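Q: Can you build the whole structure from these sequences, using the hints too?
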Amino acid sequence: MNQGELNHLLGIKGLTASQIHTIFDTADNFLNLLQAPVKKTPALRDITIANLFFENSTRTRVSFELAEKRLGADIINFSSSSSSVKKGETLIDTVNNILSMKVDMIVMRHPAPGACMFLAKNVKSQIINAGDGTHEHPTQALLDAFSIKNKLGSLDGKKVVIVGDIKHSRVALSNIYSLQLLGAEVMVCGPATLIPKYINQLGVKVSHNLDEALAWCDVANMLRIQLERQDQRFFPSLNEYTNLYGLTMDRLNKLDKEICIMHPGPINRGVEISSEVADSKQSIILQQVENGVAVRMAVLFLLAQHKL
Amino acid sequence: MINEPKILLNSTKANLIIRRFALQIIESHKDYQNTAIIGLQPRGILLAKSIHNELLKLGADVLYGEVDHTFFRDDIGRGGFHIPKPSNVNFSTENKNIIVVDDVLFTGRSVRAAIDAIMSFGRPKCVELMVLVDRRFQRELPIKPDYTGVTIDSRNTNDFVKVEWENDNQVQVWLLEDKK
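Chains as they are written, first to last, in our numbering: chain A, 2 to 309; chain B, 1457 to 1636.
Be a bit skeptical, because a hint or two may be false.
What the hints assert, rightly or not - Pairs of lysine-lysine, DSS-like flavour, derived with a Cα cap of 30 Å:
1) A:Lys-40 <-> B:Lys-1505
2) B:Lys-1581 <-> A:Lys-41
3) A:Lys-152 <-> B:Lys-1541
4) B:Lys-1505 <-> B:Lys-1581
5) B:Lys-1462 <-> A:Lys-41
6) A:Lys-103 <-> A:Lys-40
7) B:Lys-1462 <-> B:Lys-1486
8) B:Lys-1486 <-> B:Lys-1469
9) B:Lys-1513 <-> B:Lys-1469
10) B:Lys-1541 <-> A:Lys-41
11) B:Lys-1541 <-> B:Lys-1505
12) A:Lys-41 <-> B:Lys-1600
13) B:Lys-1513 <-> A:Lys-70
14) A:Lys-70 <-> A:Lys-125
15) B:Lys-1505 <-> B:Lys-1462
16) A:Lys-160 <-> A:Lys-282
17) A:Lys-40 <-> B:Lys-1581
18) B:Lys-1600 <-> A:Lys-40
19) A:Lys-14 <-> A:Lys-198
20) B:Lys-1541 <-> B:Lys-1618
21) A:Lys-152 <-> A:Lys-258
22) A:Lys-14 <-> B:Lys-1505
23) A:Lys-125 <-> A:Lys-160
24) A:Lys-40 <-> B:Lys-1469
25) B:Lys-1513 <-> B:Lys-1486
26) B:Lys-1581 <-> A:Lys-70
Worth flagging that the hints you see were computed from the coordinates, not collected in a lab.
Source: prediction; values computed, not measured.
A: Written out as structure tokens, the structure is:
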């Protein structure tokens, strides 16, 4: 990543492998810093960041907030439920009002796909996408790939299956882009109704059988069923989904190898993943959360250098 | 325009200085079990490694670490693009006598940032600075070395000191003077 190459992080699409490696190298250094007794740096002490969350979030919001605080930035937290958005204010007006208070960067989550791109074209600020509808969630994909790299040494040639609600998942799309960019093979697995019809055009394998997918992969990334984005029934019952696509210890024990288990959270224990698997030594779910802060610190730090 | 490079230190003189540094550390740090030398990324670590090797030859097993100061710079977002190198401090700096090692001391800003970086690993008892070349008229902060190899008095900020390492242990230092 050279100066001037990247002013926003809107999605993984458009990034290069070299840019992702720069983010990972920087995140490695932040991970070391986070192990030190004093976990803060003053690197972004003269930068103000607004976290605009137009949709619910726990993990991503807290992770971004912690990353920003560890970097010494000033932060403003905004959630749409308690703002003038409820009174009919447009997105551009809301953001421009916040920017007029001398804010340098915006971290935004929004239910509309493309909202971050729209904002980047219409306001003078650096934008980081913290999830836009069913489109992309780039920092989650970066921390997922970073976690696989840290666990397995590299992504090159690794086989990763993404299981569950691919249709409504921004995590799945960003993961497909980032994993392929870094040399991994990707398979998606789930009921046909939850897998987009033309997904094979992205160069991914498709399976509707979890046991086959698990036998193929080195890493399984389990996704949550996004009931809040489903306006119709995509499978007969949650019980049936769990029977066919829930990851249990019985399923893992049938394999002749140890695979790495991931989940972007929030977990619905007993639905897409059993408690026993989520808490097993094969699971790197908590490392994903820990790595998330370092990866977000790296993204903020690298983007902030393009402020002037 | 740059004049013909002028040699400041050939490898024989530089090796003598490295040995002198090791002896000075032993002399002034009698309790050297509580002493650590920390090289500054990227170029200070080769000098720090050489000094550490000399210390080991002399039987002084001091702690060794490497620190990158990128996250503690005071110019982030003011032009330039800085990618960090790894820090490697596998010990607490709490209550230790730390010797920060760098090749060239110029404005003092890197050293200031490095001291902050070191403080994140604990609160040292004291911090000293050891440099191969001190460009003493270019300081922007009140920072002064405790151990100096050679001092140059160039007042032209465009002059450049080039430290060349061969096989990671033979070093030569050149002064590239700006014609203006």
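Q: Now, for every hint given, state plainly whether the structure supports it.
A: Going down the list of hints, with the structure as the test:
1. A:Lys-40 <-> B:Lys-1505: Answer holds: Lys-40 of chain A to Lys-1505 of chain B is near 27 Å, not above 30 Å.
2. B:Lys-1581 <-> A:Lys-41: holds (21 Å)
3. A:Lys-152 <-> B:Lys-1541: Measuring from Cα to Cα gives roughly 21 Å; hence the hint holds.
4. B:Lys-1505 <-> B:Lys-1581: Distance of about 22 Å is within 30 Å: holds.
5. B:Lys-1462 <-> A:Lys-41: The hint is violated at about 42 Å.
6. A:Lys-103 <-> A:Lys-40: Holds, because 27 Å separates the two Cα atoms, which is no more than 30 Å.
7. B:Lys-1462 <-> B:Lys-1486: Judged against 30 Å, a Cα distance of about 38 Å means the pair is violated.
8. B:Lys-1486 <-> B:Lys-1469: holds (26 Å)
9. B:Lys-1513 <-> B:Lys-1469: Answer holds: Lys-1513 of chain B to Lys-1469 of chain B is near 19 Å, not above 30 Å.
10. B:Lys-1541 <-> A:Lys-41: holds (17 Å)
11. B:Lys-1541 <-> B:Lys-1505: holds (16 Å)
12. A:Lys-41 <-> B:Lys-1600: Distance of about 26 Å is within 30 Å: holds.
13. B:Lys-1513 <-> A:Lys-70: violated (45 Å)
14. A:Lys-70 <-> A:Lys-125: Distance ~23 Å between Lys-70 of chain A and Lys-125 of chain A Cα, so the pair holds.
15. B:Lys-1505 <-> B:Lys-1462: holds (26 Å)
16. A:Lys-160 <-> A:Lys-282: Cα-Cα ~19 Å, so holds.
17. A:Lys-40 <-> B:Lys-1581: Holds: Lys-40 of chain A and Lys-1581 of chain B sit about 20 Å apart, inside 30 Å.
18. B:Lys-1600 <-> A:Lys-40: With a Cα-Cα distance of about 28 Å, the restraint between Lys-1600 of chain B and Lys-40 of chain A holds, given a limit of 30 Å.
19. A:Lys-14 <-> A:Lys-198: Given pair Lys-14 of chain A, Lys-198 of chain A holds - Cα atoms ~20 Å apart, limit 30 Å.
20. B:Lys-1541 <-> B:Lys-1618: With Cα atoms ~20 Å apart, Lys-1541 of chain B and Lys-1618 of chain B stay inside 30 Å; holds.
21. A:Lys-152 <-> A:Lys-258: holds (15 Å)
22. A:Lys-14 <-> B:Lys-1505: Violated: Lys-14 of chain A and Lys-1505 of chain B sit about 43 Å apart, past 30 Å.
23. A:Lys-125 <-> A:Lys-160: Between Lys-125 of chain A and Lys-160 of chain A the Cα gap is close to 40 Å, so the pair fails against 30 Å, i.e. violated.
24. A:Lys-40 <-> B:Lys-1469: violated (41 Å)
25. B:Lys-1513 <-> B:Lys-1486: Satisfied, since the Cα-Cα distance of roughly 17 Å is no more than 30 Å.
26. B:Lys-1581 <-> A:Lys-70: Roughly 28 Å separates the two Cα atoms, so the pair holds.
Hint compliance for this structure: hints 5, 7, 13, 22, 23, 24 are not met, and every other hint is.
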